[in-house]
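Chemist: Next come the chains, spelled out residue by residue.
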Amino acid sequence: MCVMANGIERPLDLLNASKGKEVMVQLKNDRQFVGVLRAFDIHINIVLDNTKEMHNGEVRKNLGLTFLRGDTIIFISPSSTSLNE
Amino acid sequence: MCVMANGIERPLDLLNASKGKEVMVQLKNDRQFVGVLRAFDIHINIVLDNTKEMHNGEVRKNLGLTFLRGDTIIFISPSSTSLNE
Amino acid sequence: MCVMANGIERPLDLLNASKGKEVMVQLKNDRQFVGVLRAFDIHINIVLDNTKEMHNGEVRKNLGLTFLRGDTIIFISPSSTSLNE
Amino acid sequence: MCVMANGIERPLDLLNASKGKEVMVQLKNDRQFVGVLRAFDIHINIVLDNTKEMHNGEVRKNLGLTFLRGDTIIFISPSSTSLNE
Amino acid sequence: MCVMANGIERPLDLLNASKGKEVMVQLKNDRQFVGVLRAFDIHINIVLDNTKEMHNGEVRKNLGLTFLRGDTIIFISPSSTSLNE
Amino acid sequence: MCVMANGIERPLDLLNASKGKEVMVQLKNDRQFVGVLRAFDIHINIVLDNTKEMHNGEVRKNLGLTFLRGDTIIFISPSSTSLNE
Amino acid sequence: MCVMANGIERPLDLLNASKGKEVMVQLKNDRQFVGVLRAFDIHINIVLDNTKEMHNGEVRKNLGLTFLRGDTIIFISPSSTSLNE
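Residue numbers (the working numbering), protein chains in the order written: chain A, 1 to 85; chain B, 1 to 85; chain C, 1 to 85; chain D, 1 to 85; chain E, 1 to 85; chain F, 1 to 85; chain G, 1 to 85.
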C-alpha cells in the first residue's frame, strides 16, 4: 500500500505510483485538496476522486470528482508517505 | 446521469464525461461559475451554457452561454459527483 | 439573432457564432468591456467594435474599435444569451 | 483617415490598419501610452513613435520612439475610432 | 559525499549530482522544503523524499515523498555545500 | 546619431537601430535602467553597458554590464528620441 | 579579469564571458544573490558557486552551490564591471 521511493526515476513516476491512492494537493492560493488520484498528464492537470477541500485540517467542502489545472499546483504528496517514510 | 470514476484514464476524460452536465468552475480570482459544460479544448478553454456566476452560494449574475479562458481556471467539478460519490 | 448552444462542439465555435453580435468581455483586472465581436484568433486576442468600457453597469469610456490581448481575458459572453437562455 | 471595421477578419488586421495612425495603449500596471503605431509582431510587441505616457488624460512623459513588450498590453485602440465609430 | 563544482557544465548537472542527497528548495510563496532529491525533469519538476516543510529553521510539516512543480521553485541548493564550499 | 522612425518595419528593428546607443528600460517592478544597448534576442533579453539603475531621475546604483531578462521588461526607449522626436 | 563589452553580440555572450567570475543576481521577489557563475542555459537557469544571499549589502545566508530557476531572475551583472566600466 506504500509508495516506494527507489522506483522513482522521473518526477511523473511518483504520480504514476500514486494512482488509486490518496494524495494531498497544495494549490498556489492556499487551497488544499485531499482525494484519490485518478489521472494526470504532462501539464500536471490531475483528476481527484472523493475530493475534499481542506482548511486548517478540517474538511471545508466535498467536491467528488474534480479536474485540477496543473498550473495552480505547488505540490502533490501521497498521504501514505507523509508520516512514516 | 452520474459520472463514473473508473472510466477516467486521462484528466480530459473527466471533462469529456461531463459534457451536457452541470459543472462548478472555480476561477483564480475567487469567481465561481455553475453551468452546463458544452465544450472544452486542450487549453481547458470551456463553454458553459446557462452560466450563473455564484457568490457565497447565491446566484450573482446570469450569463447564458459563456466562453471561459482556461488559464484562469483552478478546478472544474461535475455537480452530480459533489455529494454522493 | 440568438446564439445556439447545440451547434457548439469546440470553445471557439461560440466565438465564431458570436461574430457581429454584442459580447461582454471580462478582463482579469476587473475591467469589463461591451462591444460587437469583429475578430478573434486562437490566442483569444479579439477585436471589438463600438467598444464601451463598463464600470458597475455604467459606460465609463467609449473606445470604438479595440484590440484586446487574449491573456487578460477571463470570459466572453454574448449579450443576447445572458437573460433568456 | 478612419479605420474600417468591415475589413477586419483577424485581430491583427486592426493593428495593420492602424499603422501610421495614433493609438492608445493600455498596459497591465495602469500605464497608458498614446503614440503613432509604427510596427507590431505576433507577440503584440509594438513600436510607437512620438510616444506620450499619459496619466488621467495628462501627458506625464515624452518618450519618442518606444518598444513596448506585448505581454504587458491589455488593449490597443486607434484614437480616430474612439469617439465617432 | 560532497557535490563538486568543477564537474558542472550545465545547470541540470548540479541537480543530477545532487540525486540521493539532501537539498533545500525555496518556493516563490516563501515556502521552504528540505528533502532527499529523488528525481527531476527539464521543467524542474522534482520529487523529494523524506520531505520536511520548514518555517524559520523549524520543521512545520512532514510530507514524505512529494512532487513539486517546477514553476513555483526559486532555487535548489544541496545542503552539503551550504557551509563549507 | 538619431534613430529614424521610417526604417522600422518590425518591432525588433528599433532595438537593432538602438545598438550602441543609450536606452531607457522600464521593468515591471518599477525599476528603471539607463545604459548603452549592446545586444538583444527574440525573447527581448538584453545586455546593457554602463548600466545605471535610476530612481526618480537619480542614479541609484552603477551596474556596468548587465544582462536583463526579457520577461520583466515593459518598454525600451532610445534616449535620443525622447525629447525632440 | 574584466569582461569586455565589445565581444558581446547576443545577450548570452555576457553570461558566457562571466563564467568563473562573480556575478550579482537580482530576483523578482527582492532577493539578491552573489556567487561565482558556473553554468547557465537558454532558460537562464543558472548555477552559482559560493552563493551568498544578500540583504542591504550584508550576507544573509551562505548557500554554497545553488541552482536558480531562470524565470525568477530580473538581471545578472558581473561584479567586476559594476564600478569601473
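Warning: the hint list may mix true and false statements.
Stated by the list, open to error - List of simulated lysine-lysine pairs, DSS-like, C-alpha gap at most 30 angstroms:
{"id": "1", "chain 1": "B", "residue 1": "19", "chain 2": "B", "residue 2": "52"}
{"id": "2", "chain 1": "B", "residue 1": "52", "chain 2": "C", "residue 2": "28"}
{"id": "3", "chain 1": "B", "residue 1": "52", "chain 2": "C", "residue 2": "61"}
{"id": "4", "chain 1": "F", "residue 1": "19", "chain 2": "F", "residue 2": "52"}
{"id": "5", "chain 1": "E", "residue 1": "19", "chain 2": "E", "residue 2": "61"}
{"id": "6", "chain 1": "D", "residue 1": "28", "chain 2": "B", "residue 2": "52"}
{"id": "7", "chain 1": "B", "residue 1": "21", "chain 2": "B", "residue 2": "52"}
{"id": "8", "chain 1": "D", "residue 1": "52", "chain 2": "D", "residue 2": "28"}
{"id": "9", "chain 1": "F", "residue 1": "21", "chain 2": "C", "residue 2": "28"}
{"id": "10", "chain 1": "D", "residue 1": "52", "chain 2": "C", "residue 2": "21"}
{"id": "11", "chain 1": "C", "residue 1": "21", "chain 2": "C", "residue 2": "61"}
{"id": "12", "chain 1": "F", "residue 1": "28", "chain 2": "F", "residue 2": "52"}
{"id": "13", "chain 1": "C", "residue 1": "52", "chain 2": "B", "residue 2": "19"}
{"id": "14", "chain 1": "F", "residue 1": "28", "chain 2": "E", "residue 2": "28"}
{"id": "15", "chain 1": "A", "residue 1": "19", "chain 2": "E", "residue 2": "61"}
{"id": "16", "chain 1": "F", "residue 1": "61", "chain 2": "F", "residue 2": "19"}
Claimed, not checked - Pulled a few chain A residues facing chain E out of the computed Cβ check, cut under 8 angstroms:
{"id": "17", "residue": "8"}
{"id": "18", "residue": "11"}
{"id": "19", "residue": "13"}
{"id": "20", "residue": "14"}
{"id": "21", "residue": "16"}
{"id": "22", "residue": "19"}
{"id": "23", "residue": "54"}
{"id": "24", "residue": "73"}
{"id": "25", "residue": "75"}
{"id": "26", "residue": "76"}
{"id": "27", "residue": "78"}
Read the hints as simulated data drawn from the structure, not as lab findings. Note that the structure is a prediction, hence the values are computed from the model and not measured. Glycine included, C-beta positions come from ideal geometry on N, C-alpha and C.
Chemist: Hint by hint, say whether it matches the structure.
Modeler: Tested hints:
no. : hint        : result
1   : B:19 x B:52 : holds (17 angstroms)
2   : B:52 x C:28 : holds (18 angstroms)
3   : B:52 x C:61 : holds (27 angstroms)
4   : F:19 x F:52 : holds (17 angstroms)
5   : E:19 x E:61 : holds (22 angstroms)
6   : D:28 x B:52 : holds (27 angstroms)
7   : B:21 x B:52 : holds (14 angstroms)
8   : D:52 x D:28 : holds (17 angstroms)
9   : F:21 x C:28 : violated (37 angstroms)
10  : D:52 x C:21 : violated (34 angstroms)
11  : C:21 x C:61 : holds (20 angstroms)
12  : F:28 x F:52 : holds (17 angstroms)
13  : C:52 x B:19 : violated (34 angstroms)
14  : F:28 x E:28 : holds (17 angstroms)
15  : A:19 x E:61 : holds (23 angstroms)
16  : F:61 x F:19 : holds (22 angstroms)
17  : 8           : holds (5 angstroms)
18  : 11          : holds (4 angstroms)
19  : 13          : holds (7 angstroms)
20  : 14          : holds (5 angstroms)
21  : 16          : violated (11 angstroms)
22  : 19          : violated (13 angstroms)
23  : 54          : violated (13 angstroms)
24  : 73          : holds (5 angstroms)
25  : 75          : holds (5 angstroms)
26  : 76          : holds (4 angstroms)
27  : 78          : holds (6 angstroms)
The earlier numbered hints that this structure contradicts are 9, 10, 13, 21, 22, 23.
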